Amino acid sequence: MILILEKQYCQYDNIKKLRGIVRMSVFNGKRLPIEIFKMTEEIIDKIRSGWYSDEYFNNTLRVLTSLSKEGYKFGDKENDLNGIVSVREVENGDIIVEMQFFTRRKPFSLVVGVDEALAILKVGTGYRDEDGIFINTFEELEIEAIQDGNIVSYDGNPLNIKPVLKIRGKYRYFGHLETTILGVLSVPTRVATNVYNVLMASKGKQILFFPARFDHYKMQGIDGYAYWIAVQRYKMDFGIDAKASVSTHEQGDWWGGKAGGTISHSTIACFLGNTAETMVQFARLMPIEVPRIALVDFHNDCIGESIKVIKAMWNEFWKNWRIGNKEEAERYRLFGVRPDTSQNMRDESVEPLFVKELDNGVTPRLVYNIRKAIDAYWEELVKDYNYIDMSEATALAKVFCNDIKIAVTGGFNADKISRFEEINAPVDIYGVGSSLLENSSCNGTNNDYTADIVRVKVNSKFYPLSKVGRSVCYNEDLEIIDTNNLWN
1 MILILEKQYC QYDNIKKLRG IVRMSVFNGK RLPIEIFKMT EEIIDKIRSG WYSDEYFNNT
61 LRVLTSLSKE GYKFGDKEND LNGIVSVREV ENGDIIVEMQ FFTRRKPFSL VVGVDEALAI
121 LKVGTGYRDE DGIFINTFEE LEIEAIQDGN IVSYDGNPLN IKPVLKIRGK YRYFGHLETT
181 ILGVLSVPTR VATNVYNVLM ASKGKQILFF PARFDHYKMQ GIDGYAYWIA VQRYKMDFGI
241 DAKASVSTHE QGDWWGGKAG GTISHSTIAC FLGNTAETMV QFARLMPIEV PRIALVDFHN
301 DCIGESIKVI KAMWNEFWKN WRIGNKEEAE RYRLFGVRPD TSQNMRDESV EPLFVKELDN
361 GVTPRLVYNI RKAIDAYWEE LVKDYNYIDM SEATALAKVF CNDIKIAVTG GFNADKISRF
421 EEINAPVDIY GVGSSLLENS SCNGTNNDYT ADIVRVKVNS KFYPLSKVGR SVCYNEDLEI
481 IDTNNLWN
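Residues in the sequence shown are numbered consecutively from 1, following the numbering used here.
By construction, these hints were calculated from the structure, which means they are not laboratory data. The structure presented is a predicted model; accordingly, all values stated were derived computationally and were not measured. Just so you know, even glycine gets a beta-carbon here, dropped at the ideal spot from N, CA and C. It is possible that some hints are incorrect.
Claimed, not checked - The list that follows gives simulated cross-link-like pairs (lysine to aspartate or glutamate, DMTMM-like), each with its CA atoms no further than 25 angstroms apart:
(1) 326 x 250
(2) 308 x 357
(3) 203 x 241
(4) 46 x 277
(5) 243 x 70
(6) 38 x 144
Claimed, not checked - Each pair of labels, with its calculated beta carbon distance range:
(7) 270 x 376: 44 to 52 angstroms
(8) 457 x 63: 52 to 60 angstroms
(9) 426 x 240: 13 to 21 angstroms
(10) 422 x 325: 16 to 24 angstroms
(11) 83 x 30: 43 to 51 angstroms
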């Protein structure tokens, strides 16, 4: 899978060269409104006090603050700048540093979370005076940042990373924010990159964002935004009109999306296992703009269930259509069927090959069987119609059946989708859940961020200084942030 993605990333790289670099933040060149992040006074106070920070950062700031008050100077002690510059007069408590934030996922990452990182810096940079009042020093920082939606490549060389954020300023003013910033970058970047990879695997087919039940509800907003950024980035890179679809309203909160959904297994259970009646009542009562998608694996007979649903929906459709009530008829147009067969089950229509991976769950053979049965079923719908109705009903029934989409769910990730697409399985829509949240070094989905001091300021000049294995790096997409006017 990594090789496939690397190949497709090369395609992205060629597109970028042709079109030029485009500024990405929600694809309009603007930062998200700071209100989106819902930072209450309590949260802001906790950010400032280091409540969300690893304690060793807080301890470091306590030491530096005390040294600043004492007027401590480094003197002639051993240091990494010996022979380069004199550090005798360096006041370590007020040391000015350059810190860079980066991720190392091969071959690339789709970055999300930069706007929230900037918001954290804006509200959290500073110190408390002797009266405990917080003095905000954000405007003293020099910041460079890319935008949500930019892509950063990584070739495996840790000395050749692409920073997404650079900060220059007194370390004791912002050092306590490292943990929080890394977190708001790591999670949405991982989700966005996972979604982008799934979109590439699906060749732009619609991806339903279904990880809500595997996610903490407080994370739904940022994860839904990461999904949306990935969809927009894919549309821009490949010119395909990929549609965004989320299952909860919170997932759409950051970008104005609206939740969508049809029926669940629980809905069918409430109708005593009668999927056809479930869909008829759903269609009768729900707004017409809600797609009618039937879940068809309740009895582990996806074809049989699909046929029953089609027949019931068609009967209502035709009953209204033939008397001229076409608007009401459209309520019963079946948009799609959704097999969600469990990995421990083999659908009745699938002949056993006695290989679990080929027999069980939602497989290409199952999808093919469903498509074949649906496309042929129009003849059964009209076989008993009279001569007067036959011509019109036949044309309508063909369209009614042939237009039904197949949306598949259950254990899908980029690898599985690639296998379906490689053999042209007749899937129209993929619903993907927990794999979009995956964070695995083994599977190449790890998007952990790191931050390092890479330069220190001595006598008005910056000098490289970092742990072994790190170096000052650059990114052509970095932009200077106007700290005086950001969100003012």
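Do the hints match the structure? See the list:
no., hint, in the structure
1, 326 x 250, "violated, 35 angstroms"
2, 308 x 357, "violated, 28 angstroms"
3, 203 x 241, "holds, 11 angstroms"
4, 46 x 277, "violated, 53 angstroms"
5, 243 x 70, "violated, 59 angstroms"
6, 38 x 144, "holds, 24 angstroms"
7, 270 x 376: 44 to 52 angstroms, "violated, 31 angstroms"
8, 457 x 63: 52 to 60 angstroms, "violated, 19 angstroms"
9, 426 x 240: 13 to 21 angstroms, "holds, 19 angstroms"
10, 422 x 325: 16 to 24 angstroms, "violated, 45 angstroms"
11, 83 x 30: 43 to 51 angstroms, "holds, 47 angstroms"
Hint compliance for this structure: hints 1, 2, 4, 5, 7, 8, 10 are not met, and every other hint is.
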